[in-house]
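Engineer: Residues per chain, in single letters:
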Amino acid sequence: DAGVIQSPRHEVTEMGQEVTLRCKPISGHNSLFWYRQTMMRGLELLIYFNNNVPIDDSGMPEDRFSAKMPNASFSTLKIQPSEPRDSAVYFCASSFEGMDTGELFFGEGSRLTVL
Amino acid sequence: RKEVEQDPGPFNVPEGATVAFNCTYSNSASQSFFWYRQDCRKEPKLLMSVYSSGNEDGRFTAQLNRASQYISLLIRDSKLSDSATYLCVVNPDSWGKLQFGAGTQVVVTP
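Chains P and C supply the protein sequences, listed in that same order. No gaps in the numbering here: position 95 of the first sequence is 95 in my numbering, and each next residue is one more. No gaps in the numbering here: position 24 of the second sequence is 24 in my numbering, and each next residue is one more.
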């Protein structure tokens, strides 16, 4: 079975440019999470969707960040305009709410570098 | 104060030895606990859940101490392939708000 699929795997862009990260969760999962990981701050939850509805976006850093989930099989995280401090690895994860195992399935991540 | 705190390490462990490390959490009402493993430049993956009575999975043993608000992970007979960062994860109350520690790096040496 395919796992969580993220694209692009790597992106290098210049400050001020728009960045769009994409995620396809595991089929059948009803919860989707966007995380950001840096050396300084570790893994931070940005936003969480359940059944395509944003439940908690309190982790989104500021208005430059937005996330959408138009259907159960696709989500985007957009940064506009990007800044050098946005450089990080962005992970998408999915799960089925109600699972007792507490397992989140992560994608391989999108490594973003903003120059 | 961070909600989940871990010693970043690295813990340098000879192959075959035992290593143990803890994680403390601040919310006494936390419901469930997990250890995830993250290899260098890879995504985190669930290693094991942590139950109140303690639990083992092969060479890995996890313990929970609610009174002192910490969980621990012990790795016996360390293998080179155990080299990774181990992330402590706490579920305080709501499924969507899993809290990740910054990780403890373990380096197993020949």
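Since the hints were derived computationally from the structure, they do not count as laboratory data. Do not take every clue at face value.
Ranges of calculated distance between the beta carbons of each label pair, as one might list FRET restraints [claimed, not checked]:
#, chain 1, residue 1, chain 2, residue 2, range
1, P, E97, C, Y51, 27 to 33 Å
2, C, A17, P, Q17, 46 to 52 Å
3, C, P110, P, Q80, 26 to 32 Å
4, P, D56, C, A17, 24 to 30 Å
5, C, G58, P, F96, 23 to 29 Å
6, P, R85, C, S26, 36 to 42 Å
7, P, D63, C, A20, 41 to 47 Å
Among the chain C residues that face chain P by a calculated CB cut under 10 Å, a handful are [as the list claims (entries may be wrong)]:
#, residue
8, K45
9, L98
10, G101
11, A102
12, G103
13, V107
From chain P, some residues computed to sit far from chain C (all C-beta separations above 12 Å) [to be verified]:
#, residue
14, Q6
15, P8
16, E14
17, M15
18, G16
19, T20
20, M40
21, E44
22, E62
23, A72
24, E83
25, D86
We treat Cβ as the ideally placed atom computed from N, Cα and C, and that holds for glycine.
Engineer: If a hint holds in the structure, say so; if it does not, say that too.
Structural biologist: For each hint, the structure was consulted:
no. : hint                       : verdict
1   : P/E97 - C/Y51: 27 to 33 Å  : violated, 21 Å
2   : C/A17 - P/Q17: 46 to 52 Å  : holds, 49 Å
3   : C/P110 - P/Q80: 26 to 32 Å : violated, 48 Å
4   : P/D56 - C/A17: 24 to 30 Å  : violated, 42 Å
5   : C/G58 - P/F96: 23 to 29 Å  : holds, 26 Å
6   : P/R85 - C/S26: 36 to 42 Å  : violated, 26 Å
7   : P/D63 - C/A20: 41 to 47 Å  : holds, 44 Å
8   : K45                        : holds, 7 Å
9   : L98                        : holds, 7 Å
10  : G101                       : holds, 7 Å
11  : A102                       : holds, 4 Å
12  : G103                       : holds, 7 Å
13  : V107                       : violated, 17 Å
14  : Q6                         : violated, 9 Å
15  : P8                         : holds, 15 Å
16  : E14                        : holds, 24 Å
17  : M15                        : holds, 24 Å
18  : G16                        : holds, 27 Å
19  : T20                        : holds, 20 Å
20  : M40                        : violated, 9 Å
21  : E44                        : violated, 8 Å
22  : E62                        : holds, 20 Å
23  : A72                        : holds, 16 Å
24  : E83                        : holds, 23 Å
25  : D86                        : holds, 19 Å
Consistency note: the structure conflicts with the earlier hints numbered 1, 3, 4, 6, 13, 14, 20 and 21.
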